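Asks: Protein chains in written order, with my numbering: chain A, 1 to 180; chain B, 1001 to 1115.
If you're looking for bench data, these hints aren't it; they were derived computationally from the structure.
Remember, predicted model here, so these are calculated numbers, not experimental data.
Don't be surprised by glycine CBs; every beta carbon is placed ideally from N, CA and C.
One or more of the hints may lead you astray.
[As the list claims (entries may be wrong)] Cross-link-like lysine to aspartate or glutamate pairs, in silico, EDC-like; alpha carbons within 16 Å at most:
no., chain 1, residue 1, chain 2, residue 2
1, B, Lys1019, A, Asp139
2, A, Lys88, A, Asp126
3, A, Lys172, A, Asp116
4, A, Lys67, A, Asp6
5, B, Lys1037, A, Asp116
6, B, Lys1019, A, Glu138
7, A, Lys28, B, Glu1020
8, A, Lys28, B, Asp1024
9, B, Lys1038, A, Asp18
10, A, Lys71, A, Asp139
11, A, Lys88, A, Glu54
12, B, Lys1019, A, Asp6
13, A, Lys157, A, Asp126
14, A, Lys157, B, Glu1008
15, A, Lys45, B, Asp1024
16, B, Lys1038, A, Glu20
17, A, Lys172, B, Glu1012
18, A, Lys129, A, Asp116
19, B, Lys1016, A, Asp139
20, B, Lys1037, A, Asp18
21, A, Lys157, A, Asp144
22, A, Lys129, B, Glu1012
23, A, Lys172, B, Glu1008
24, A, Lys71, A, Asp6
25, A, Lys45, B, Glu1020
26, B, Lys1016, A, Glu20
27, B, Lys1016, A, Asp116
[To be verified] Residues of chain A clear of chain B, computed beta-carbon distances all greater than 12 Å:
no., residue
28, Leu33
29, Phe66
30, Lys67
31, Gly154
[Stated by the list, open to error] Which residues of chain B face chain A? A partial, calculated answer using Cβ under 8 Å:
no., residue
32, Asn1007
33, Asn1018
34, Lys1019
35, Glu1020
36, Asp1024
37, Phe1027
38, Thr1028
39, Val1031
40, Leu1035
Given next are the chains, with one letter for each unit.
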Amino acid sequence: MSQLGDIALIARVTLYNDTEAFSRLVIKHQSALRRLFLNLTNGNKALSDDLAQETFIKAYTHIRQFKLQAKFTTWLFSIAYNLFYDYKRSQKKEVSIDSSDALEFKTSFSRTSTLDLHNALKILNDNEKICITLFYIEDLRIQDIAKITQLPKGTIKSSLSRGRIKLADYLKKNGYENYK
Amino acid sequence: MVMKTTNEHLVESFLKENKEVIKDNGFTQQVIYCLPKKKPSKIPLLIVSTALVVFAIVLILIINYTSFWITPLNNYMQTITSIIEPFFYLDYKTIIVFSSLLTLILGLDLFVDSK
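This is chain B alone, in the form it adopts within the complex:
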């Protein structure tokens, strides 16, 4: 146990006694008003895109290597569409990226089918 000196006690009690809680009084509003405008982060978009690509790859593998092979193209299209539909509002770039991905995935799928 550390013994506190008289000086330490004196200083500590004086400073604790004078510790004030400062009321906001519009300070936060002023700070928020002065914040610089930032461009929306691309991280959520990247996460969603990566998750979709991984999911699509997993789906292709499942469809091609399991016995649940019933109208795969339709099922596959429906699944992918239902997943990406909520994200279409993001912007035109997203739609182009996803359309390209979808085309690539479908091409791969057809290629595997033809073999």
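Isolated chain A, as found in the complex:
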């Protein structure tokens, strides 16, 4: 039903460039998209809002390329994923955090502060972060993540597995089990 609603709005945007219909699409999907960017940028609100805005503008200008077989969310997230990697490339700063160093840093940091999602996600590399976020937070299936990232399913599964181990280790070391 939700997908049908999206399709009707997309049809209005495609045929009539109806900005009112597009604004309804933005209202519906802004939270998920901004949350995705917040998680990918380690909680940088201004940057994630800029990237989300750019994603919506790109979606609007390329809306005729949307294929009805896909979900609008999947298509939107694939634009977001490409934009994020373009942004990373343009920065030319490879912040490849070595997971063991990060874990050590986080352990000492987090003992004195509450557990924070963005701090926890910092210990993951970009692939692990996007796979974990899309799978656990956005509830997407592995085949949808594969469409978004253009990565093989096997790579996604191993990224999920590695990310899960790192995160679980981080949570245990920070006493998350005891909070529950």
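Take the given structure of chain A and dock chain B to it, following the hints.
Replies: Chain B alone, transformed into the frame defined by chain A:
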């Protein structure tokens, strides 16, 4: 049924617990404000034109090959005019296209009549 490991449970519950719903707070307005201006799509015009041409052809066939042949030119003109009248506001190109089409159709009709 897939058994979830302790790690999976731990990670899943932590991430679900921290899943936040982000309020719009003017974000949508900002996006709409920044959208590039697009030229109006020609697709609706194409659909209407095609439908009218098909309709006109069907009408010609009906008028010429059925027994309801009473002042065909007047009926035909009235029908076509009533159909295309609402679309005349579109732009001058549309009017020229439809006028040309109408002339062509009328010419064809007269040609068939003379035979």
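Asks: Indicate, hint by hint, whether the structure satisfies it.
Replies: Now the hints, each set against the structure:
1. Annotation: proposed proximity of Lys1019(B) to Asp139(A) holds, straight-line Cα distance about 11 Å (limit 16 Å).
2. This hinted pair checks out: Lys88(A) and Asp126(A) have alpha carbons roughly 10 Å apart, not beyond 16 Å.
3. Restraint check for Lys172(A) and Asp116(A): the C-alpha separation of about 14 Å stays at or below 16 Å, so the hint holds.
4. Between Lys67(A) and Asp6(A) the alpha-carbon distance is near 12 Å, which keeps this suggested pair within the 16 Å criterion.
5. A threshold of 16 Å between alpha carbons decides the hint, and for Lys1037(B) with Asp116(A) the separation of about 41 Å lies outside it, so the pair is violated.
6. Between Lys1019(B) and Glu138(A) the CA atoms are separated by roughly 9 Å; this keeps the pair inside 16 Å, and the hint holds.
7. Taking the CA atoms of Lys28(A) and Glu1020(B), the gap is about 15 Å. The hint holds against a cut of 16 Å.
8. Taking the CA atoms of Lys28(A) and Asp1024(B), the gap is about 10 Å. The hint holds against a cut of 16 Å.
9. Annotation: proposed proximity of Lys1038(B) to Asp18(A) holds, straight-line Cα distance about 10 Å (limit 16 Å).
10. This hinted pair checks out: Lys71(A) and Asp139(A) have alpha carbons roughly 13 Å apart, not beyond 16 Å.
11. Of the supplied pair hints, the one linking Lys88(A) and Glu54(A) holds, its CA atoms being roughly 15 Å apart against a limit of 16 Å.
12. Between Lys1019(B) and Asp6(A) the CA atoms are separated by roughly 23 Å; this puts the pair beyond 16 Å, and the hint is violated.
13. For the suggested pair Lys157(A) and Asp126(A), the alpha carbons sit about 14 Å apart, so the restraint of at most 16 Å is met.
14. Only pairs whose Cα atoms come within 16 Å are accepted, and Lys157(A) paired with Glu1008(B) is accepted, the gap being roughly 13 Å.
15. For the proposed pair Lys45(A) and Asp1024(B), the alpha carbon gap of about 13 Å is at most 16 Å, so the pair holds.
16. Simply put, Lys1038(B) and Glu20(A) have alpha-carbon atoms about 14 Å apart, close enough for the 16 Å limit, and the pair holds.
17. Between the alpha carbons of Lys172(A) and Glu1012(B) the distance comes to roughly 13 Å, so the proposed pair stays at or under 16 Å and holds.
18. For the given pair, Lys129(A) sits about 15 Å from Asp116(A) by alpha-carbon distance, which is consistent with the 16 Å threshold.
19. Restraint check for Lys1016(B) and Asp139(A): satisfied, since their Cα atoms lie roughly 10 Å apart, inside the 16 Å limit.
20. Pair hint Lys1037(B) plus Asp18(A) holds up; C-alpha atoms about 11 Å apart against a cutoff of 16 Å.
21. Of the supplied pair hints, the one linking Lys157(A) and Asp144(A) holds, its CA atoms being roughly 12 Å apart against a limit of 16 Å.
22. Among the hinted pairs, Lys129(A) with Glu1012(B) is consistent with the structure: their alpha-carbon atoms are about 14 Å apart, no more than 16 Å.
23. Taking the CA atoms of Lys172(A) and Glu1008(B), the gap is near 12 Å; set against the 16 Å cutoff, the hint holds.
24. A distance of roughly 9 Å separates the Cα atoms of Lys71(A) and Asp6(A); the hinted pair therefore holds under the 16 Å criterion.
25. Of the supplied pair hints, the one linking Lys45(A) and Glu1020(B) holds, its CA atoms being roughly 13 Å apart against a limit of 16 Å.
26. Of the pairs offered as hints, the one joining Lys1016(B) and Glu20(A) is violated, with about 32 Å between alpha carbons and a cut-off of 16 Å exceeded.
27. The straight-line distance between the Cα atoms of Lys1016(B) and Asp116(A) is roughly 13 Å, inside the 16 Å bound, and the hint therefore holds.
28. A beta-carbon of chain B is positioned within 12 Å of the beta-carbon of Leu33(A); the least distance is around 9 Å.
29. Separation of Phe66(A) from chain B is adequate, the least Cβ-Cβ distance of about 15 Å exceeding the 12 Å criterion.
30. With a least CB separation of 17 Å from chain B, Lys67(A) remains clear of the 12 Å interface cut-off, as annotated.
31. For Gly154(A), the shortest C-beta to C-beta distance to chain B comes to about 17 Å, beyond the 12 Å cut-off, and the non-interface label holds.
32. The restraint placing Asn1007(B) at the interface with chain A holds, with a minimum CB-CB distance near 4 Å, inside the 8 Å limit.
33. About 4 Å separates the beta-carbon of Asn1018(B) from the nearest beta-carbon of chain A, less than 8 Å, and the hint is met.
34. Given the 8 Å rule on beta carbons, the hint for Lys1019(B) holds: about 5 Å separates it from the nearest Cβ of chain A.
35. Hint on Glu1020(B) holds. Least Cβ distance to chain A is approximately 6 Å, under the 8 Å limit.
36. For the restraint placing Asp1024(B) at the interface with chain A, the shortest Cβ-Cβ distance is roughly 6 Å, inside the 8 Å limit, so the hint holds.
37. For Phe1027(B), the interface hint holds, the least distance from its beta-carbon to any beta-carbon of chain A being 5 Å, beneath 8 Å.
38. The closest approach between the C-beta of Thr1028(B) and any C-beta of chain A is roughly 5 Å, which is under the 8 Å cut-off, so the hint is satisfied.
39. Because the smallest distance between the Cβ of Val1031(B) and any Cβ of chain A comes to about 5 Å, under 8 Å, the interface hint for this residue holds.
40. Given the 8 Å rule on beta carbons, the hint for Leu1035(B) holds: about 5 Å separates it from the nearest Cβ of chain A.
Going through the hint list in order, the structure does not satisfy hints 5, 12, 26, 28.
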